[in-house]
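Based on the sequences and whatever the hints tell you, model everything.
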Amino acid sequence: MDTDSDASLILRAQSGDTEAFGLLVTRYMRQAYFSALGFVGSREDALDLSQDAFARAFHARKAIDPDRPFFAWYYTILRRLCLNWRRNRRTERIRLDEAGPWLESLAATSAVAPDRLAEQNEARRRVAHALAQLSDDEREALVLKEFAGLKYRQIAERMDCPLGTVMSRLYSARHRLARVLEEP
Amino acid sequence: MIDDRARVLLMAAIDDELTPDDRRELEALAARAPAVREEWDRLTRVRSVTQTMTWREPAVETWDRYWGNVYNRTERKVAWLLVLGGALVLSGWALWEAVPAWFSSIWEDESMPVAVRIATVTALLGGLLLVVSVVREQLTVKRADPYDKGVTR
Chain A
1 MDTDSDASLI LRAQSGDTEA FGLLVTRYMR QAYFSALGFV GSREDALDLS
51 QDAFARAFHA RKAIDPDRPF FAWYYTILRR LCLNWRRNRR TERIRLDEAG
101 PWLESLAATS AVAPDRLAEQ NEARRRVAHA LAQLSDDERE ALVLKEFAGL
151 KYRQIAERMD CPLGTVMSRL YSARHRLARV LEEP
Chain B
1 MIDDRARVLL MAAIDDELTP DDRRELEALA ARAPAVREEW DRLTRVRSVT
51 QTMTWREPAV ETWDRYWGNV YNRTERKVAW LLVLGGALVL SGWALWEAVP
101 AWFSSIWEDE SMPVAVRIAT VTALLGGLLL VVSVVREQLT VKRADPYDKG
151 VTR
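Heads up: the sequence lines are chains A and B, in that order.
Residue 95 in the working numbering is what sits at position 95 of the first sequence, and the numbering runs on without skipping anything.
Residue 61 in the working numbering is what sits at position 61 of the second sequence, and the numbering runs on without skipping anything.
Treat the hints as calculated values from the structure; they're not laboratory data.
Fair warning: there could be bad hints in the mix.
Here are some, though not all, of the chain B residues that point toward chain A, as calculated from beta-carbon distances under 10 angstroms [stated by the list, open to error]:
1) Ile2
2) Ala12
3) Thr19
4) Arg23
5) Arg42
6) Leu43
7) Val49
8) Gln51
9) Val70
10) Glu108
11) Asp109
For every residue, glycine included, the Cβ atom is placed at its ideal position computed from N, Cα and C.
This is the structure:
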């Protein structure tokens with residue numbers, strides 16, 4: 001059972017205990033992978049980037065402050081890697097994968113009528129497509145809110161911006177999605 | 001027209017982060033301005049769609065192999081650094097040994113074609129220019145990169 005606190009694992013990792021760092025990785029790998037997925041939209045790249053960020057974090061482990069949340073520190077590395085990845089893809093004129101392959105519907109209820117189900121699927125398809133068109137900031141804010149389930153304050157910390165900016169980015173993202181849903 | 005205050009309230013309403021006072025304020029706003037009410041409905045619809053979407057889970061083995069893959073990367077990074085360090089020292093030594101000999105031969109050996117002399121000088125100049133350019137870019141990007149903040153490598 002993994003009951004050690006982040007701080008004690010960080011201190012052990014800093015004194016050369018690789019296994020302790022492994023426990024931190026195991027503790028946060030899902031969050032890391034899904035955070036990367038929200039940025040890049042491709043499962044293979046999300047896996048690659050999140051693991052690369054952990055490897056970088058391992059080499060920079062002496063710089064980790066054990067009194068601060070590990071994942072917030074790790075996220076700054078991951079975020080930079082993902083944004084660089086997106087920037088490179090853009091210059092190569094390769095479209096970011098649409099959200100389709102990385103998002104799925106929650107279990108559909110059998111009580112939904114077929115025509116209603118088709119309508120819901122179409123709405124989800126449109127939203128998934130529109131997510132890929134959002135700016136990096138809008139997309140990040142929306143993904144952290146909708147799929148990671150964070151509170152505004154947590155999003156502001158992750159994105160290193162004021163609370164008002166988070167709300168403004170969320171508004172702008174949702175406003176765009178609303179327009180997409182209304183298209184004929 | 002929806003002002004900034006209404007946008008903030010709308011977001012908080014959609015995400016269930018409204019205080020009771022804020023809720024009263026938003027409801028009063030929506031009662032006065034139909035545009036706010038319409039926007040509220042539209043955003044609620046978006047939220048109702050996104051709430052039915054979730055992450056697609058990867059295969060279970062992904063998690064089993066995750067730490068192993070990270071560990072291999074850290075190990076390989078050290079290996080690459082050692083290889084690169086060694087290669088740099090060896091290249092430096094080879095250049096130190098070979099370049100003076102090569103230069104003396106191209107200037108002293110009269111049978112050396114002019115084209116080879118010119119090519120040697122241009123290759124040397126090109127290499128120098130590349131090094132300067134890469135170093136300058138690294139310094140500029142590092143200073144101006146907004147995503148570099150707070151990250152220690």
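Hints, one by one, checked against the model:
1. Ile2: holds (9 angstroms)
2. Ala12: holds (7 angstroms)
3. Thr19: Violated. Min distance 13 angstroms.
4. Arg23: violated (16 angstroms)
5. Arg42: holds (4 angstroms)
6. Leu43: It holds, given that the least Cβ distance between leucine 43 (chain B) and chain A is near 5 angstroms, below 10 angstroms.
7. Val49: With a closest approach of 5 angstroms, the valine 49 (chain B) hint holds.
8. Gln51: This hint holds: glutamine 51 (chain B) lies near chain A, its Cβ roughly 8 angstroms from the closest one there, short of 10 angstroms.
9. Val70: Interface hint status for valine 70 (chain B): holds (4 angstroms vs cutoff 10 angstroms).
10. Glu108: At 48 angstroms from the nearest chain A Cβ, glutamate 108 (chain B) fails the 10 angstroms test, so the hint is violated.
11. Asp109: violated (47 angstroms)
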